[in-house]
Amino acid sequence: MKEFKITSNLINSQIIGKSSSIGARSVFEGTVRDINGGHDVIKLEYECYKSLAIKEGNKILDEASEKFGLIDAFCIHRVGTLEIGETAVIVVATSGHRDEAFKGCRYIIDEVKCRVPIWKKEHYQDGETEWLKGAG
Amino acid sequence: MKEFKITSNLINSQIIGKSSSIGARSVFEGTVRDINGGHDVIKLEYECYKSLAIKEGNKILDEASEKFGLIDAFCIHRVGTLEIGETAVIVVATSGHRDEAFKGCRYIIDEVKCRVPIWKKEHYQDGETEWLKGAG
Amino acid sequence: MENILQIQVIYFAKLRDLIGLDREIYSMEEGNNPSDVLASIKKKHNIDIGTNFKIAVNDEFSQWDIKLNNGDRLVFIPPVTGG
Amino acid sequence: MENILQIQVIYFAKLRDLIGLDREIYSMEEGNNPSDVLASIKKKHNIDIGTNFKIAVNDEFSQWDIKLNNGDRLVFIPPVTGG
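Protein chains in written order, with my numbering: chain A, 1 to 136; chain B, 137 to 272; chain C, 273 to 355; chain D, 356 to 438.
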């Protein structure tokens with residue numbers, strides 16, 4: 001099963017389903033940090049170009065499933081305003097063996113972070129805000 | 137925080153704590169598979185040399201924390217009789233950035249599987265049982 | 273007389289903040305491409321927003337030199353920062 | 356007359372199934388090491404259990420040639436298969 005989802009609701013990392021006969025599951029969770037480059041971050045805003053984000057996200061899940069023989073591949077990305085400590089993104093990759101599960105999970109989060117059209121604005125203690133610069 | 141635990145109770149992967157200002161969390165979960173090398177596995181028995189397992193497990197968590205700058209490092213390993221689909225081991229590694237979290241989590245599960253004195257006996261459909269051969 | 277293309281441009285994130293709008297319609301000449309639209313945006317708003325974008329046309333990644341069609345929805349995608 | 360060492364040997368997993376016991380006491384001579392105990396086990400039970408073990412003495416990983424002390428708790432650890 002594969003699913004890429006964009007949500008403005010709280011991500012509860014406990015909702016990720018289970019299935020038997022899997023063997024290995026690798027989960028990655030990215031949460032809002034309170035410090036970034038020396039600034040005190042008080043909250044984050046994520047914005048998304050949704051229709052393209054979902055297409056590109058599903059493409060990444062397909063690629064990961066094929067490359068690493070994943071059984072399940074999920075990714076949920078939060079948008080809207082997030083408080084410190086809240087989950088921004090969660091990835092789940094399952095496979096018969098741990099090497100594939102780890103590599104698949106890593107592939108998905110790496111590709112999501114560089115290909116899926118989502119942008120992050122930091123709000124600082126001093127009232128300033130800043131859209132983060134991407135690597136691209 | 138670090139903790140290595142051996143338990144004969146069901147591992148609920150939802151119990152793993154959270155803390156704010158972390159950034160990245162990598163979780164690995166190993167579950168009982170119903171097929172191994174062509175045999176139909178109906179259940180597993182894990183046995184543990186507990187006092188040494190806990191010492192060695194904690195040593196691995198210390199090593200991972202130092203090597204990868206982890207903030208939290210947990211590992212819970214189940215012992216006793218496990219049914220198909222149940223969680224045998226769960227590892228959690230948190231860090232400011234995903235590379236360290238993934239590498240720390242992988243280090244812990246790899247080292248646990250080759251150094252911690254726990255052994256697995258498979259029970260097959262046909263009534264046979266077998267202690268698995270380790271790599272060592 | 274040449275045909276006129278109505279191109280909808282949608283802005284996200286930093287680009288929307290810079291332009292101050294979330295969408296605009298540009299009237300372009302037949303044969304124009306996303307580069308031409310970017311030039312029109314710079315001229316109209318008199319700001320240099322650079323060229324560090326990917327392009328999406330009708331919600332598909334596209335190229336800078338693709339010929340636009342009437343009614344196309346064009347997005348200039350700044351470097352992404354999700355995750 | 357030499358001192359006699361009482362060494363407690365604890366068996367786990369495959370080794371316990373092979374020996375059919377979960378622990379035994381061996382009386383060894385002073386200066387004996389885990390290799391000597393393994394030889395005694397093989398002789399007593401008349402089975403070849405190989406040498407593919409790690410050694411733990413009093414719940415610490417140890418060496419094959421360490422001199423044992425009276426009352427030591429010795430474990431031969433088969434290759435582990437946890438996870």
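No lab work stands behind these hints: they were computed from the structure.
Any given hint could be a false lead.
[As the list claims (entries may be wrong)] Calculated pairs, DSS-like style, for lysine-lysine (alpha carbon to alpha carbon, straight line, at most 30 Å): (1) B/K195 x D/K422; (2) B/K257 x B/K195; (3) B/K239 x A/K5; (4) A/K133 x C/K316; (5) D/K409 x B/K195; (6) B/K249 x B/K191; (7) D/K422 x B/K203; (8) B/K186 x D/K398; (9) B/K203 x B/K191; (10) B/K257 x B/K138; (11) B/K257 x D/K422; (12) D/K422 x B/K179; (13) A/K103 x B/K141; (14) A/K103 x B/K195; (15) C/K314 x C/K286; (16) B/K186 x B/K249.
None of the values given here were measured: they were computed from a predicted structure.
Verification of the supplied hints:
Restraint check for B/K195 and D/K422: satisfied, since their Cα atoms lie roughly 25 Å apart, inside the 30 Å limit. Between B/K257 and B/K195 the CA atoms are separated by roughly 26 Å; this keeps the pair inside 30 Å, and the hint holds. Between B/K239 and A/K5, the direct Cα distance comes to roughly 26 Å. Compliance with the 30 Å bound is thereby established for this hinted pair. This hinted pair checks out: A/K133 and C/K316 have alpha carbons roughly 25 Å apart, not beyond 30 Å.
Simply put, D/K409 and B/K195 have alpha-carbon atoms about 17 Å apart, close enough for the 30 Å limit, and the pair holds. Our distance criterion of 30 Å between C-alpha atoms is met by B/K249 and B/K191, whose separation comes to about 14 Å. Restraint check: the Cα-Cα separation between D/K422 and B/K203 comes to about 34 Å, which exceeds 30 Å; the hinted pair is violated. Taken as a hint, the B/K186 and D/K398 pair is honoured in the structure, with Cα atoms around 29 Å apart against an allowance of 30 Å.
Only pairs whose Cα atoms come within 30 Å are accepted, and B/K203 paired with B/K191 is accepted, the gap being roughly 18 Å. In summary, the hint linking B/K257 to B/K138 is supported, as the alpha carbons are separated by about 29 Å, within the 30 Å threshold. For a cut-off of 30 Å, the pair hint linking B/K257 to D/K422 is broken: about 33 Å separates their Cα positions. Taken as a hint, the D/K422 and B/K179 pair is broken in the structure, with Cα atoms around 41 Å apart against an allowance of 30 Å.
Taking the CA atoms of A/K103 and B/K141, the gap is near 26 Å; set against the 30 Å cutoff, the hint holds. Pair hint A/K103 plus B/K195 holds up; C-alpha atoms about 25 Å apart against a cutoff of 30 Å. A C-alpha spacing of about 15 Å is found between C/K314 and C/K286, which places the hinted pair at or below 30 Å, so the restraint holds. With a C-alpha separation of about 15 Å, the suggested pairing of B/K186 with B/K249 holds against the 30 Å cut-off.
Checked against the numbered hints listed earlier, the structure breaks hints 7, 11, 12; every other hint is satisfied.
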